[in-house]
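Visitor: Listed below are the residues making up each chain.
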Amino acid sequence: MTSIPRDQWYVAAYGAEIGHDLFTRTVCGESILFWRTRDGAVTAVPDRCVHRRFPLSQAPSRLVDDQVVCGYHGFTYDAGGRCVAVPGQSRIPRTARLLPYPVVEQDSFVWVFIGDRAKAEASRIPRAPWLVSPDHTTVAGMEPLRARYSLLVDNLLDLSHETYLHGGYIGTPEVAATPITTAVDEQAGIVHVSRHIDDAECPPFYAKSTGLRGRIARWQDIEYTPPCLYLLHSRIAPVGSVPGPDGADPDAFHVEVVYAITPETEHSTHDFWCVARDFALGDEEVSTFLAESNRTVVLQDVEALNVLEQVIATEPAGCQELSINIDTGGLAARRLLQRLCAAS
Amino acid sequence: MTSIPRDQWYVAAYGAEIGHDLFTRTVCGESILFWRTRDGAVTAVPDRCVHRRFPLSQAPSRLVDDQVVCGYHGFTYDAGGRCVAVPGQSRIPRTARLLPYPVVEQDSFVWVFIGDRAKAEASRIPRAPWLVSPDHTTVAGMEPLRARYSLLVDNLLDLSHETYLHGGYIGTPEVAATPITTAVDEQAGIVHVSRHIDDAECPPFYAKSTGLRGRIARWQDIEYTPPCLYLLHSRIAPVGSVPGPDGADPDAFHVEVVYAITPETEHSTHDFWCVARDFALGDEEVSTFLAESNRTVVLQDVEALNVLEQVIATEPAGCQELSINIDTGGLAARRLLQRLCAAS
Amino acid sequence: MTSIPRDQWYVAAYGAEIGHDLFTRTVCGESILFWRTRDGAVTAVPDRCVHRRFPLSQAPSRLVDDQVVCGYHGFTYDAGGRCVAVPGQSRIPRTARLLPYPVVEQDSFVWVFIGDRAKAEASRIPRAPWLVSPDHTTVAGMEPLRARYSLLVDNLLDLSHETYLHGGYIGTPEVAATPITTAVDEQAGIVHVSRHIDDAECPPFYAKSTGLRGRIARWQDIEYTPPCLYLLHSRIAPVGSVPGPDGADPDAFHVEVVYAITPETEHSTHDFWCVARDFALGDEEVSTFLAESNRTVVLQDVEALNVLEQVIATEPAGCQELSINIDTGGLAARRLLQRLCAAS
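So the sequence lines, in the order shown, correspond to chains A, B and C.
Under the working numbering, the first residue of the first sequence is numbered 18, with each subsequent residue one higher.
Under the working numbering, the first residue of the second sequence is numbered 18, with each subsequent residue one higher.
Under the working numbering, the first residue of the third sequence is numbered 18, with each subsequent residue one higher.
Hints are supplied without guarantee of correctness; some may be wrong.
Cβ-Cβ distance ranges computed for the label pairs, FRET-style [unchecked claim]:
id: 1; chain 1: A; residue 1: E34; chain 2: B; residue 2: S20; range: 34 to 42 Å
id: 2; chain 1: B; residue 1: D56; chain 2: A; residue 2: P110; range: 54 to 62 Å
id: 3; chain 1: B; residue 1: E332; chain 2: A; residue 2: R55; range: 25 to 33 Å
Treat the hints as calculated values from the structure; they're not laboratory data.
Because the structure is a prediction, the values reported are computed rather than measured.
Just so it is clear, CB atoms sit at the ideal spot from N, CA and C, and this is done for glycine as well.
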């Protein structure tokens, strides 16, 4: 059994990555070819010619109008994956067909369904509306991770690591010191982890972007919908400020940190990250600062998780972990992921 | 079971590669040491000292007259593989012996027999006489391929890929568009694939080398003797020109393209290529052009096949291929290769 | 079963390598973290946080006084391996413990015990007192070897290879030509190999360091205590000179060559080497010459053994070796090592 759940939606790319060009990305071990047809829709088909396996993304394969021509022997497919030409004969075998992947473009992401295509429609895609909302400004990126996706899930579900791994960027002593509360919505399959810090040092990430001086209230509300979408609702406010009974929260700064955690293979991961803010909307300087800072933080995680992957690859069998209170979110996430794996 | 037939002759090198120096090459997974003795014969023995496995091709191992001295402990062998000296004692163990490989130098190639040496003599070595004929001029080379040899067999048996992978060099639309005829000589174990194009664009490879202007008749007659020797009899002539009843063919240009397909390991291959022509025999400019063009074409294949090897290495189990008419030659070759594997 | 004996002492480092900094080295496949506490003792604990496996030697992990703080989530351990702080809670789980390795610092080496810690005390650590004796001057180093440790054992137990692999440095024809005598102390588990050459060319290594001119008597007395410690008592003297009945040997030069052979993994080795001499004690020029020469010789071995490791990794199953008289020491060593493996 694989440790990657099938019959699930995964983020394959940002919509902005896919134009009228051949684009390839491996998702859950499957090489997928993408292009945007002239009507604007994203096509996703296996990146492998049915004839002799040549990758359709590999030059001299090329896109001609809305058809892709294999660079090895010229098998030609339309945007629906149907083969429309083969060399040396006019009859096209009925089975010459690339089975398209279900695709949904939503919230700036291109989602693909991996597994039994018949189950795609009934499967809910979680939302991250801030990424395309006019009330927010978003910076985003993707870093390749040479580690299994579950290490990134562990990492993001337990933010006490900010204090140590990201000290000087987003971590301060109060993060690790403050207990969390964890709740699992078994029905919806969502893990919630909350840490509300009433009085904390303001790390540079937020001090420079918000302009807040002095100590802050810092709330971290995590919402993870396995396997792929991770939301961190981050609230920064002057100490003592709380939202009004109607939800109004004029003194606070809200940042929606979104990760899409997409397995590339059993041992590598696409680490999509986005930072959406509800302040300084048109301020390019703030955008540049947040993009650079968050990428630095992500790369600190990437470096640490790449090391962990090597530790796991070389350690003797039977090595144990030890879990404490900070791990309740991560352990809940593992349990939901195992349930998804068992069901697929 | 391996996918590499044993009890077969394979091209290990060009004769010109082997002089009075230690030379090593791996053939079918076996490391072989070659040198040319002072009487001009090529010696081939395992490239591994019987004592502690040290490669006899590895410095400070060295050739002293017609004997090789191991660089680790000084075991010394004559050209017949007999050990003639060991350190610290005068008695030489009877089993201290490198078992020589059967070697035949022929048609510019050094052939070695891999498998049961007793079967070598009865096993026919296919010929490529043009490579050493005074009526032809030959250019040649060898490119290392990081792919299994069967991918190169597939490639060379189906030349419709010239149109796509080698467009602008040797491919034109008519190649892929023209059907082939395939015949298998079960007795001799040879696959024949023919494509006679009556009226085609002349690709640069032939236009520049022959000086022909305008459209051409282009004949491709393949003769593959598994596992190693592939011949492509290529005939280029003005449209309408045909050979006379006596075989005379004065208006045509003939090129004998020869490949020796030698497995290095299960996943890598020595791709020997030769282009022998019966025109412009002394013309260095034509030789240089054909050598550079053919090497470019071979490297296009190498790049594509290296990619295919990676595709196979990483694809999920159970991936299928789809074959059409152009593949009849390749499928016949696979069948003969399987027969050879099963017999060995 | 592994080919690396457990329940054994191994040299992990020179004492001089370990200061008040985090230092990591893998011994017998186990990643070990070392540091020297403020009282001067060397601490050795597993280099893996009990929480989520993060290497404690990996930045931003750091040493604070005599405690190490994990750079991922801040688990903190004292020099005895006890966890003294975890994030987000004051209760520390009883099992949060790094089990320390038995450590002995002796003869310039840091020895660690690999295996069942209860067996450490009863297990004898072999000595190399010259390395810290005021009557000797020592040069030393360590070279990483990408080969299994048994190849280095083979190498050092059969010095006839000096003639071929180290010709021009420490090898002369007489080494390989002179028979050895081998004796095994089964009780103590020690292999002795002796080669006394009465009349030999003096190789540069000894000619330049001793100033001896002309031919020499050269004695090589090996004492190997598996798995880790190898001693070569090397005696160089004018031809005809012998030690007196009381052991006095005023005309001779004595060099104690010490190797510690420590498996890093199944396929890599730490090759510690030391050269202790009883002459020219304060002569820096001689020290520099011997250090550079011996390192060159060790690197010649490393290059050869790295090649052998690759030979073994790629050779067909069932490849044989052939042993002769020079191999009696190496074969005895293999037998003792197998006995240690079987017992562990």
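Visitor: Verify the CB-CB distance for E34(A) and S20(B) against the hinted window 34 to 42 Å.
Guide: Once the Cβ atoms are compared, 39 Å apart, the range 34 to 42 Å for S20(B) and E34(A) holds.
Visitor: That 54 to 62 Å hint for D56(B) and P110(A) (C-beta), does it hold up?
Guide: holds, 59 Å
Visitor: Could you see if the CB distance from E332(B) to R55(A) stays within 25 to 33 Å?
Guide: holds, 31 Å
When held up to the earlier numbered hints, the structure conflicts with none and fits them all.
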